[in-house]
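Keeping their order, the protein sequence lines are chains F and L.
If you use the numbering used here, the first sequence closes out at 110, no skipped numbers anywhere.
If you use the numbering used here, the second sequence closes out at 1117, no skipped numbers anywhere.
Rather than coming from a laboratory, the hints here were simulated on the basis of the structure.
By construction, the Cβ of each residue, glycine as well, lies at the ideal position given by its N, Cα and C atoms.
Treat each hint with caution, since some may be false.
[Unchecked claim] Listing some non-contacts, in silico: residues in chain L with all C-beta distances to chain F over 12 Å:
no.	residue
1	Val1004
2	Cys1013
3	Gly1016
4	Gln1029
5	Lys1041
6	Gly1053
[Claimed, not checked] Each computed EDC-like pair below joins lysine to aspartate or glutamate, with the alpha-carbon atoms no more than 20 Å apart:
no.	chain 1	residue 1	chain 2	residue 2
7	L	Lys1041	F	Glu57
8	F	Lys97	L	Glu1087
9	L	Lys1041	F	Asp27
[What the hints assert, rightly or not] Residues from chain F that keep clear of chain L, each with C-beta distances beyond 10 Å, as calculated:
no.	residue
10	Ala17
11	Lys42
12	Glu45
13	Leu46
14	Asn53
15	Asp55
16	Lys56
17	Phe61
18	Ser69
19	Arg77
20	Leu88
21	Ser92
22	Gly101
23	Ser102
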Amino acid sequence: QKEVEQNSGPLSVPEGAIASLNCTYSDRGSQSFFWYRQYSGKSPELIMSIYSNGDKEDGRFTAQLNKASQYVSLLIRDSQPSDSATYLCAVSRNFNKFYFGSGTKLNVKP
Amino acid sequence: GAVVSQHPSWVICKSGTSVKIECRSLDFQATTMFWYRQFPKQSLMLMATSNEGSKATYEQGVEKDKFLINHASLTLSTLTVTSAHPEDSSFYICSARDSGEGTDTQYFGPGTRLTVL
């Protein structure tokens, strides 16, 4: 079983719609959760971090964490073609090691 | 967010030569840095964790004598690919842990694309 699981996609949404990206993790002791965006040929860029149950909003992005269900999600409102990228979920127990999912490819169609 | 730089951004070398990649945290001190490798259309693969002043911890299957890591200061870690071969051609990305006041996050450098001929 992988530490972090993501649907590889591609997830296709029309411009202006809400994109919903999901991630599950296996280590119940995980404390920190991150979403990174990676454009093709580029390195990952941090979008959101979340540490406690519930929602965390930053602009068009909302991260949702449910530790009981071991589930993290990222919602992107008013999706734009520039949001088309691969989104990586990362999980850490103690910041000494981060586990990454394989990423979900998002396509936002104009 | 915090800034991490890598140098060079790309390098082409002949088989058998060694290549050094530098990773710097520009506006914070990083006691821990990570080195990843990513092949085309594949996910990030953690190679090793580098802690300032101590030996790096390598992931299973990563040859420590081939991928030499040095974390000499709180802002600099280096990865040396020794006796590089074409199969070492990949995108190498470092990241640095920013554990300053109110934060504890990992930031990535822009990556180094290595091509071994």
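Q | Interface-negative label, Lys42 of chain F against chain L, beta-carbon threshold 10 Å | A | Its Cβ does come within 10 Å of chain L, the nearest being 7 Å, so this is violated.
Q. Was Asp55 of chain F rightly flagged as not at the interface, with every chain L Cβ beyond 10 Å?
A. Since the minimum Cβ distance to chain L is about 19 Å, Asp55 of chain F lies beyond 10 Å and the statement holds.
Q. Does the no-contact call for Gly1016 of chain L survive, Cβ to all of chain F over 12 Å?
A. Given that every Cβ of chain F is farther than 12 Å from that of Gly1016 of chain L, nearest at about 27 Å, it holds.
(Q) At 12 Å, judged by beta carbons, does Val1004 of chain L keep clear of chain F as stated? (A) For Val1004 of chain L, whose nearest Cβ neighbour in chain F is about 9 Å away, the distance does not exceed 12 Å, so it is violated.
Q) Non-interface claim for Leu88 of chain F: all C-beta distances to chain L beyond 10 Å? A) 7 Å, violated
**Q.** Minimum Cβ-Cβ distance from Ser92 of chain F to chain L exceeds 10 Å
**A.** 8 Å, violated
Q | 20 Å Cα cutoff - pair Lys97 of chain F, Glu1087 of chain L | A | 26 Å, violated
Q.
Would the non-interface assignment of Leu46 of chain F survive a Cβ cutoff of 10 Å against chain L?
A. 6 Å, violated
Q: Just double-check Arg77 of chain F for me: nearest Cβ-Cβ distance to chain L has to come out over 10 Å.
A: 21 Å, holds
Q.
The output says Gly101 of chain F does not contact chain L. Does that hold with a beta carbon cutoff of 10 Å?
A. 7 Å, violated
Q.
Beyond 12 Å on every Cβ pair: is that true for Gly1053 of chain L relative to chain F?
A. Non-interface label stands for Gly1053 of chain L: nearest chain F Cβ at 15 Å, farther than 12 Å.
Q. Holds or violated: is the Cβ of Ser102 of chain F farther than 10 Å from all Cβ atoms of chain L?
A. For Ser102 of chain F, whose nearest Cβ neighbour in chain L is about 4 Å away, the distance does not exceed 10 Å, so it is violated.
Hints 1, 5, 7, 8, 9, 11, 12, 13, 20, 21, 22, 23, counting from the list given before, are not met by this structure.
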